[in-house]
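S.K.: Sequence:
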Amino acid sequence: MTESQVTVTDRAAARISEILADEAPGTKLRVSVLGGGCSGFQYDFGFDVSQQDDDLVIARDGATVLIDPVSLPYLAGSQIDFVDELIGAAFKITNPNATASCGCGTSFSV
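In the working numbering, the protein residues as written are 93 to 202.
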């Protein structure tokens, strides 16, 4: 899979850079797909200082996102964005592979 199959918006890159500025040098944002949630799968966001050889690395405007090879097929073609709405600010993944999602937007099914 190539980097172009998962994209990071300008807003998401800016927010990731902002968050990582407060972390230890070399820290990256890891996006994963885990089993669970109300729709079967859920997105997981965390910090990681260790990049694996088989991780997809997306670098944009000072932000680095890591995606592991198990999660990548579930995220192929997705867009990672950052939204600031009345109900709160959060990362939002627009995933063309999801056939259904829950109201909170962090859980989906394929």
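Hints are not guaranteed to be accurate.
[Claimed, not checked] Here are the computed lysine to aspartate or glutamate pairs in the EDC-like style, where the Cα-Cα straight-line distance is at most 16 Å: (1) Lys-184 <-> Asp-102; (2) Lys-184 <-> Glu-115; (3) Lys-184 <-> Asp-173.
Keep in mind the hints are simulated off the structure, nothing from the lab.
Because the structure is a prediction, the values reported are computed rather than measured.
S.K.: Go through the numbered hints given earlier and state which of them the structure violates, listing their numbers in rising order.
M.R.: 2
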